[in-house]
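Student: Next come the chains, spelled out residue by residue.
Number of protein chains: 4
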Amino acid sequence: MSADSTGAAIAADRPLAGDPAPGTAAARGARALAGDPVRVAIVGATGYVGAELIRLLALHPHVRIVGLVGRERKGDPLGGIHPHLATRDLHVFDHVPDDAEAVFLALPHGAAAGRVDEFLEHGMTVMDLGPDFRLRDPADYPRWYHFEHPRPELLPGAVYGLPELHRAELAALGRAPGAIVGVPGCYATTTVLALAPLARAGLIGDLVVDAKSGVSGAGRDPKADLHFGEVNESVKAYGIFSHRHIGEIEQELGALGPSGEANPGARGVDFLPHLVPMTRGILSACHVRPSRPVTQAELDALYAEAYGGEPFITVTSTPPATKHVLGSNEFRVFAKVDERTGRVLAIGVLDNLVKGAAGQGIQAFNVVHGLPEAAGLLQLPLAP
Amino acid sequence: MSADSTGAAIAADRPLAGDPAPGTAAARGARALAGDPVRVAIVGATGYVGAELIRLLALHPHVRIVGLVGRERKGDPLGGIHPHLATRDLHVFDHVPDDAEAVFLALPHGAAAGRVDEFLEHGMTVMDLGPDFRLRDPADYPRWYHFEHPRPELLPGAVYGLPELHRAELAALGRAPGAIVGVPGCYATTTVLALAPLARAGLIGDLVVDAKSGVSGAGRDPKADLHFGEVNESVKAYGIFSHRHIGEIEQELGALGPSGEANPGARGVDFLPHLVPMTRGILSACHVRPSRPVTQAELDALYAEAYGGEPFITVTSTPPATKHVLGSNEFRVFAKVDERTGRVLAIGVLDNLVKGAAGQGIQAFNVVHGLPEAAGLLQLPLAP
Amino acid sequence: MSADSTGAAIAADRPLAGDPAPGTAAARGARALAGDPVRVAIVGATGYVGAELIRLLALHPHVRIVGLVGRERKGDPLGGIHPHLATRDLHVFDHVPDDAEAVFLALPHGAAAGRVDEFLEHGMTVMDLGPDFRLRDPADYPRWYHFEHPRPELLPGAVYGLPELHRAELAALGRAPGAIVGVPGCYATTTVLALAPLARAGLIGDLVVDAKSGVSGAGRDPKADLHFGEVNESVKAYGIFSHRHIGEIEQELGALGPSGEANPGARGVDFLPHLVPMTRGILSACHVRPSRPVTQAELDALYAEAYGGEPFITVTSTPPATKHVLGSNEFRVFAKVDERTGRVLAIGVLDNLVKGAAGQGIQAFNVVHGLPEAAGLLQLPLAP
Amino acid sequence: MSADSTGAAIAADRPLAGDPAPGTAAARGARALAGDPVRVAIVGATGYVGAELIRLLALHPHVRIVGLVGRERKGDPLGGIHPHLATRDLHVFDHVPDDAEAVFLALPHGAAAGRVDEFLEHGMTVMDLGPDFRLRDPADYPRWYHFEHPRPELLPGAVYGLPELHRAELAALGRAPGAIVGVPGCYATTTVLALAPLARAGLIGDLVVDAKSGVSGAGRDPKADLHFGEVNESVKAYGIFSHRHIGEIEQELGALGPSGEANPGARGVDFLPHLVPMTRGILSACHVRPSRPVTQAELDALYAEAYGGEPFITVTSTPPATKHVLGSNEFRVFAKVDERTGRVLAIGVLDNLVKGAAGQGIQAFNVVHGLPEAAGLLQLPLAP
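Protein chains in written order, with my numbering: chain A, 7 to 390; chain B, 7 to 390; chain C, 7 to 390; chain D, 7 to 390.
Treat the hints with caution; some may be incorrect.
Each pair may be met inside one copy or between any two copies, as identical chains are not told apart.
Straight-line C-alpha distance at most 20 Å; calculated SDA-like pairs for lysine to any residue [stated by the list, open to error]: (1) K342 <-> I246; (2) K229 <-> F99; (3) K342 <-> Y244; (4) K342 <-> R250; (5) K342 <-> D82; (6) K342 <-> G274; (7) K342 <-> R157; (8) K342 <-> G314; (9) K80 <-> P162; (10) K342 <-> T322; (11) K342 <-> S248; (12) K342 <-> A303; (13) K229 <-> G120; (14) K80 <-> D42; (15) K342 <-> T320; (16) K229 <-> G85; (17) K229 <-> L384; (18) K80 <-> F99; (19) K342 <-> V300; (20) K342 <-> H249; (21) K229 <-> G53; (22) K342 <-> F247; (23) K229 <-> T52; (24) K229 <-> T324; (25) K342 <-> G208; (26) K229 <-> E170; (27) K342 <-> E311.
Please keep in mind that the hints were generated in silico from the structure rather than gathered at the bench.
For reference, chain A alone in the conformation it holds in the complex (with noise of 0.2 Å):
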C-alpha cells in the first residue's frame, strides 16, 4: 500500500472498451461520477451488517441511500435502533422502495436467493452480503449450510466480491443488466487474502488455518453464549470441523496455482475458528507445510508482486494485530518461513465488519460501478 494509496486519487479501475449500456451499473456509476448518486438500499440494515453498511454508505461521495429496510418496521427512526447513528435522519420500513438501483442484502443464508428476483426484475444490483451467492458448485450449500440452493442457474453469472481476485470480472459484470455479487464471508476473506500469493504459486503442501474473531461476527440477535458474562475474560472454539467458510476457502484457494495438482493442502483445510473476548477483529493464522522448500526472499517476492498496488492491502514485516485495522477497510498480511521447521507461517487480519463485511461490499460496488474503488471508505483506523 503505497502512502497515498488511501487517498482520494485511488485510481477507479482501467476503463473498458466503450460507453457502459445504459441500465447497467456502469452506467449509473458514470452518472454518479457527474453528480447523481447512485441510489441505494439496504436490506437487514438492523443488524450488524446493516448498521455497518450505513455507517459507511452515508458519507459515501457518489451514493444516496434511499431505503433501508427491516422485518416489520413501519418507518421507524434509525436512532431507536442504532443509537449510534442518531444523528441520520432515516428511517426503516418493511419494503424496498422502487427507485432504489442497488441493493445490499444483509439477510440470513437462504433468504437472498428466495428474493432475488424482485431486485433482478427492477434492474437492481444485486450486492447479497450473504452466503447465497459465493459458492459456485450447488451442491456446496446442502453440504455446508443445510439447504438446497433455490436457484441453482445463477449461481455461474454471479461474481465473488473480492475485488483483489475478481476485479476483472467485477467490473465486467457492471456492464452487463442483472449483476449479482456475492460478496465475501469475513473468515473466508482473512484466510484467502492471507494465502493467495501462496496458492498462486501452488506452495500449499498442507494447511492449518486456526482463527480468532470479535464478538459481531456471531450477528446481533441475543443469545446466550453471546452474552458479555460468558464472553468477557474466556477463549473457546467452535464451529469445529464444520465451520461453513471452509467451502469459500477451498473454492478459491483451489482456484489458483499453476494447476488442478497444485495446492493439495488448499483441500481438506484444517479451519478453526475461535470466539475471542472483543467486539470486532479477525486473526487468522495460517500454518503452512509447503509443497517444496521456499525461502524468506520468495516469499516476499511473491507477497510484493500480488498486493504492491492494492489499495487496501499492506504487507507487514512485525506481527499484525486487530486493532492496527479496527474500523477501516484495511488488510494486513504478514509471511515468514520457520528456518528450524521450514514451515511457513501467513498471518492475515482485518476488521470483521469492515473488510470482512460492508466494507468489502461496497468496494466491490466501486467495481461494479466503475466508481473510485476506495470511495466512502477512506477513514483511517481507530487505536487505541
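Position chains B, C and D against the provided structure of chain A, taking the given hints into account.
Tutor: Chains B, C and D alone, transformed into the frame defined by chain A:
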C-alpha cells in the same frame, strides 16, 4: 443536531466583516478554501492524542501535515510508533519545520507554556491540547497543577477552545496575529457541555459530578495501574478531591449565569472521576440540586435552545452510552428532572480522544481559520 | 478485619442461652457442627446467583446440597447448565426434595412470596435472595416492584439478611420455627454498608449515590443490551430515578441514627446505577453533604468502631477497586472528608455475586444456624 | 475426574515403603499431617505468580507461610503490593528466613539457578516456577533462553513438576535430600497435557499448536504492549518461531511413545502463541496429523485411560472455554477426529496462574511432601 448537520452542508461560521489581515489564521484559512491547505505540525506526535490528531488531520480536506515531532526522533517512520497509521508515509522528527503555519501541541502540562515563543515568533497559530492556556487565573496553575505559569501575561489573550461556548472569540482570534487556543480537558468538556444550559439559567444550586473514563485518557506511557491485568474486570475512583479539571469546570460554569451570584453549586463542585475497563469514552453524570424548582418542559427548552444548531451536539431523551459516540466528534446529552426528589440529572458522553481532545482541537482550529467547522470531522460513530 | 479473621478461628455468634428447640435452624446447625451437615436445596439453580450458591455451598464444611431446582429440569446434569461446575456430580430437577432443611431461593421478584408456604410447611429455613422479604412496608412492593405482596402478614417476621446490621435478629430467628430471611440486594448492600457508620451518627444531610456494576447483576437471560457487542467498550446509566434498590437503601439507612429526624439525606436519595464493561463487581460512590461539619478523625473513628470486628469488612485508606474483592465475600470501604468543600465521600466495593448475593446469603444462613459465620466463605479475592 | 474427586476424599499418593528419612520433604509432610505445618517461603512474592502462591498457600491446611521475599523490600505490608491480599497480616522482606523448610521461587529465568545453593544448604525443598530446572539438556538453555546454565550438574536430579506425568518421580524425590522441582511453564502444561495420551500411543505424525493466552502470563511489569489501550479489543501473535516453551514441549512429548522413533511431529513442533484481551487463561489448540488413521473410539479410550483417575483433569466432549476453569487448578481437554480430513484436534484449557503456575507448583509440592495432592487447591472455578 439537525438530520444532515454532519454533512458537507454545515455552514462555516458567520462571516466577519472585511478580508482577514495577511499572516493571520483567517487569511490562511481563506487560502486553504481556495486550494492551498494550511500547513500544520503536531508536537507530541507519539502519544495517544498525537496519534488521534494524525488520524483526523491526515484526511482533513484543508490541511496538510508538514511535521510530526517527538522527543529524540530522527525521522522514525510513523508505522513503527503507531502501527495503525502505518499506511501514511509520514516520519517523526525532533523539531517543528519552519514552514508550519499552525502547531497542535500534545504535551505534558507546563511544557507548552515554556516553548510557545518559538511558535509565535514564526507566526504559527498555537493549538495547545494541554492545560497551559486553559485557565485564566494564573493562581489556578499552582493550585491545580502545582507549577507556576511561566508566561502569565499570555493568559488573557488565549481563548478556551470550546466552540459551543466561545465560537465568536475563536473566530475573532483568527483575525488577529499570535493566536493561542487552550483546548479544553476531556472531563471539563463533558461536564461543562452537560451543564452549560443549566448554568446559563442560574439553576445550579448544588453539584455532584461523578465521571467515568476509559484508560486512554491517562496517556500512553506504561504504568503499573494501566496494565491490562489491573484495569480489566475492575472499576475504581481516582484523583479524589483533587482532579485538575475541577479548575476548568469551575471557571467555565462560573462564567455563565445571570450574575456572579448564580450557580452556587458550580463553585465547590464535588467532582469524582473513575477508571473503567474500556479504552475510550467519558460519561459525566451531573447530579444537580437546582436553585429553584424546575420542570421537564423548562429543561427541554433550555437544552434545545442551547444546542439546537450545534453541529456536534445531540440532546437525547434516552440515556446515552459512550459507545454511541465512539470514534466521532459527537457529544450527546440527556437532562431530566426527578419528580420524586426535585433534582436534575444531566448526563453527557463523548470520546475523550476526539471531542475530548483531538477532534475538539480541530473543530476549534477550523473556527479560528474560518474553515467549515466540521471539516475533517465527519466520521460517524463506530458501533458495535 | 484483623489479620487472621478469615481463618477458621472466626468465632460463631455469641451463644444464646439454652439449647435450641428441635426443628429450628439453630438445632440443625448444632447437629451440623457435630458432623451431620444441614441439607440444603437451591431453587433457581440455573441462573448466575444459583451457580454461585452451588460454587460456594459445594465446599461448605457444614452443608450438603440435596437438591438443585430449575423450571422444567428433569435431572439435567449440572455441567450442561454451568460448565464450570461440571466436576460436581449434581443434577437439576423441577422440585425441592422432601428432606431439605433449608432452601435458598434465587427467583424473580414476586415468585418467592407466592411459593413460600410449601417450604415453611416442611419446616425449611427460607433464605430468599430476591426482594420479596426485604422490605418491611407492604406499600413498598407496588411502589418499587409494581406488584402487590401476596403475603404481607409474613413481612414483620422476616429479617433483612445483612449480618453486619442485623446479626442478633438473625441469630434469634434461628431459634424460632419458620425462619424467613430476605437477603439484601447487591446495590443496597454496597450502599448501606458504605454509609451505615455515617447514618448511625446522624450525619447524612444530603445524599447522592452513583453506583457502577458489572453485567452479571442483570442476570443470565440473553437480552439485547447484555450482548457483548453492546456492553464492551461502553458505559451507560440505567434505571434512572427508579431503581428498585432505592426502597431498601432508604429503609435501612432510615432505621439508623439517633432519631427519626436524623439523616434527612437518607430519604429521597439520588441513586444512579451504571453498567460498566465487566462481569462482576459493584462500586458505590456515596457523595454526602454532612448535616454538620465533620473531621477525618471523626470519620475514622466511626468506621473503625462500626467495622473493627467484622470478619468480611476492611476499612481502607486507599481508594478500593472492585478487583480487590473479586470472587470473595469481602466488602471494602473508604471514607474521606474533602477539606475544600466539606463534603464526605464514602466508597464501597464488593463482588455482586458473593457479598452482594450468594456469599451474603450463606453468611446470613450461618448466623441463623449458629455456624461459624465465615464457614464456606474463606476464599481470598482473585486478582489480577 | 470423578464427581467428588476434588473433595476432601482425594487419596494421598500411594504410600511408599518405610518411614521417610529425617530432613526430607516426606518427613516434613508426615509431620504436617500430624498438625505441624510445613514452613514455606515465597521468593518473588511481588509478581503475579507470587501473589497467586500467597492466595493459595495462605489457606493451605498443611502449610504456614513464614517468609515473603521481594527485592529491596524491608517489611512492606502485603496490602500495599497486592491490594487484594490486604486482609492477610503479612509483610515482604528482602531475604528468606532461616526456618523455612521449602521455598517457592518465582523469578526471572537464570535467577533461580544462581541462587539455589543457599536454599539447598539449609535443607529446603526448592520449587522453582521459572525455567531453570525444567530442561534436562543443558544445551537447551542457550538455545531457548539465551543463557548458559550455571549449574548443569543439578539438572539430572531435578524433576519436571507435572504430577500427571511424573508423579512417582516427585514422590521419590521427596524421600531424598535436596529436592529440586522445575515447575512447568504455562503453555507447556496446556500443550503437553492435551497431547500426552496421543504421544504415548505414538500418534503424533505432524503437529501445529496454536495457543491463546491472557495477559497475566506476561508478568506484572508495566510494558508498552501490556497497556490496557494496546491489549483491549485486539488479538495478535507473538514469540513467532521462538517461544521458549517449545523446548519443554518437545522434551516432554518426545519422552513419551513406544520408541524414540514415534511421534515425529513432536519434534519440530510449530508452536504459535497469541495474546488475547483477557487477564487469565490459556487455550492450546493442537492440530495433529496422526501417524496412522485413528477412530474417535480409540481417542476416547486413550484419554479415559490417561486421565480417568486424575484429580484435576476432566475429559470433555464439548469444546472447553478458559472461563470454565478460571481461578481453579483444573485442566480440561477435548479430543476429536475430523472425519473429513482424518486429522485429530486436541484442545486444552487452564488458568495460567493456577494449573499453569502456582497451583501446579503446590500440587507438585504436595506430592513431594506426601500430602494429599489436592490440599489447598479445592476451589471451584469462578464463572461468569
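Student: The structure should be examined with respect to each hint, and the outcome stated for every one.
Tutor: Consistency of the hints with the structure:
| no. | hint | verdict |
| --- | --- | --- |
| 1 | K342 <-> I246 | between (27 Å within a copy, 9 Å between copies) |
| 2 | K229 <-> F99 | neither (25 Å within a copy, 24 Å between copies) |
| 3 | K342 <-> Y244 | between (27 Å within a copy, 13 Å between copies) |
| 4 | K342 <-> R250 | between (28 Å within a copy, 19 Å between copies) |
| 5 | K342 <-> D82 | neither (51 Å within a copy, 24 Å between copies) |
| 6 | K342 <-> G274 | between (23 Å within a copy, 16 Å between copies) |
| 7 | K342 <-> R157 | neither (42 Å within a copy, 36 Å between copies) |
| 8 | K342 <-> G314 | within (17 Å within a copy, 41 Å between copies) |
| 9 | K80 <-> P162 | neither (36 Å within a copy, 51 Å between copies) |
| 10 | K342 <-> T322 | within (10 Å within a copy, 35 Å between copies) |
| 11 | K342 <-> S248 | between (28 Å within a copy, 13 Å between copies) |
| 12 | K342 <-> A303 | within (10 Å within a copy, 38 Å between copies) |
| 13 | K229 <-> G120 | neither (26 Å within a copy, 30 Å between copies) |
| 14 | K80 <-> D42 | neither (28 Å within a copy, 48 Å between copies) |
| 15 | K342 <-> T320 | within (15 Å within a copy, 37 Å between copies) |
| 16 | K229 <-> G85 | between (23 Å within a copy, 19 Å between copies) |
| 17 | K229 <-> L384 | neither (34 Å within a copy, 32 Å between copies) |
| 18 | K80 <-> F99 | within (5 Å within a copy, 44 Å between copies) |
| 19 | K342 <-> V300 | within (10 Å within a copy, 32 Å between copies) |
| 20 | K342 <-> H249 | between (26 Å within a copy, 15 Å between copies) |
| 21 | K229 <-> G53 | both (14 Å within a copy, 15 Å between copies) |
| 22 | K342 <-> F247 | between (26 Å within a copy, 9 Å between copies) |
| 23 | K229 <-> T52 | both (16 Å within a copy, 16 Å between copies) |
| 24 | K229 <-> T324 | between (36 Å within a copy, 18 Å between copies) |
| 25 | K342 <-> G208 | within (17 Å within a copy, 30 Å between copies) |
| 26 | K229 <-> E170 | neither (35 Å within a copy, 37 Å between copies) |
| 27 | K342 <-> E311 | within (16 Å within a copy, 40 Å between copies) |
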